[in-house]
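Asks: Numbering (the numbering used here), first residue to last: 1 to 365.
Be a bit skeptical, because a hint or two may be false.
To be verified - Distance windows between CB atoms, simulated:
#1 A163 x A27: 46 to 54 Å
#2 G36 x S356: 31 to 39 Å
#3 G96 x L344: 17 to 25 Å
#4 M324 x P210: 41 to 49 Å
Simulated from the structure, these hints should not be mistaken for lab results.
Every residue gets a Cβ at the ideal spot worked out from N, C-alpha and C, and that includes glycine.
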Amino acid sequence: MQTLIRAVELMGRRTTALVAIAALTTAATFVLRSAGASSVAVFVVAAVALACLASVVGAGTDQIGHRLGPGATGVLQSALGNLPELFISLFALQAGLIVVVKTALVGSILANSLLVLGLAFFLGGLRHGTQRYSGHQTRGIATLLVLAVAAMLIPTLATAPGAPDEGHARDLSVICALVLLVVFVGSIPFSIRGESADVGLETTTDRPWPLRLAIANLAIAAVLAAFVADWFIEALRPAMATLSISEEFAGLVIVAIAGNAVENVVGVQMALRNKADLAISLIQNSSLQVALALTPALVIASFFIGAEPMTLVLTPLLVASLGMAAILGALVVVDGESNWLEGLALMGLYVIIAASVWWGHPVAI
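Full structure from sequences and hints, please.
Replies: This is the structure in structure tokens:
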């Protein structure tokens, strides 16, 4: 009991309240699911629980960021932040929702590169004016993201009707997945070295937490997010059928945003605190890890779970959207500064892309 009281004192009122809300919404999701409540209710409460758990992860990451530089903290935060999406995608593959998984992966990159980055620029710019950050690190990550997205698009172009690799989408997708994973391993030291570890980051509490408390905070929140992700995807199909939402919209927008709740919350929080380096590191690393690690890992995993393997072949709209997001994301960070107007433009493009997939095939029960 004394240990618990001590932890509450160290975390402060705000973080303790977030932990309490996250626990309550997680428990509420479990109770609603067990009681046979409406799938829409379970779906909505699970999404709220994921967002609350994201805030808890953000608090722990902020504390670790007090000891590390933005580069290393961004890699750690992005890795933990993508765990819910990994679990959501695995459960969706088992359920046969390949279209949802594929569009959710694309949607994750779009959401981070356009919506979240735009929201961080917009709110940070309104509060602090023009924000400046390390152009060297952001340019490196943005360039690598463009290259990763280009590799993801090759299977679509090479296996189109009349193309030289027509009929070999699965084989080419596996080759691309393996290459992307190798590049991902090589990108980790690059991202960590992007900023020196002696770059101090302010904490949101009066005193820094012990390292054990910060790690426990991150680990427990990540585990709970995995369970909530399972319940979330379980309610997805009936909820989307009830709401008459297409598979494309469900994956590209709803599942992508819910699965990236950690980056959605934490990246914007860092921008509001005028920690532009950490904010952009979190957001860009998240997109990069989706392209280099999460997507190829799911391509390979799909051969072992689910009824049908997933390939990297995309629709023309998704190909164009991915390309635009990667290129624009690189262009807006190349000068090392941001403002609210750039953020507004990025968010506007995301809304247009999201609207373009509203109409489509409804999710079947």
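Asks: Are the hints correct? Go through all of them and say.
Replies: Consistency of the hints with the structure:
Checking the proposed 46 to 54 Å range against A163 and A27 shows it holds: the Cβ atoms sit about 52 Å from each other. For the hinted restraint 31 to 39 Å between G36 and S356, the CB-CB distance of approximately 36 Å keeps it satisfied. The hinted window of 17 to 25 Å between G96 and L344 is violated, with their beta carbons roughly 39 Å apart. For M324 and P210, the hinted distance range of 41 to 49 Å is satisfied, since their beta carbons lie about 45 Å from each other.
Hint 3 from the earlier list is the only one contradicted by this structure; the remaining hints agree with it.
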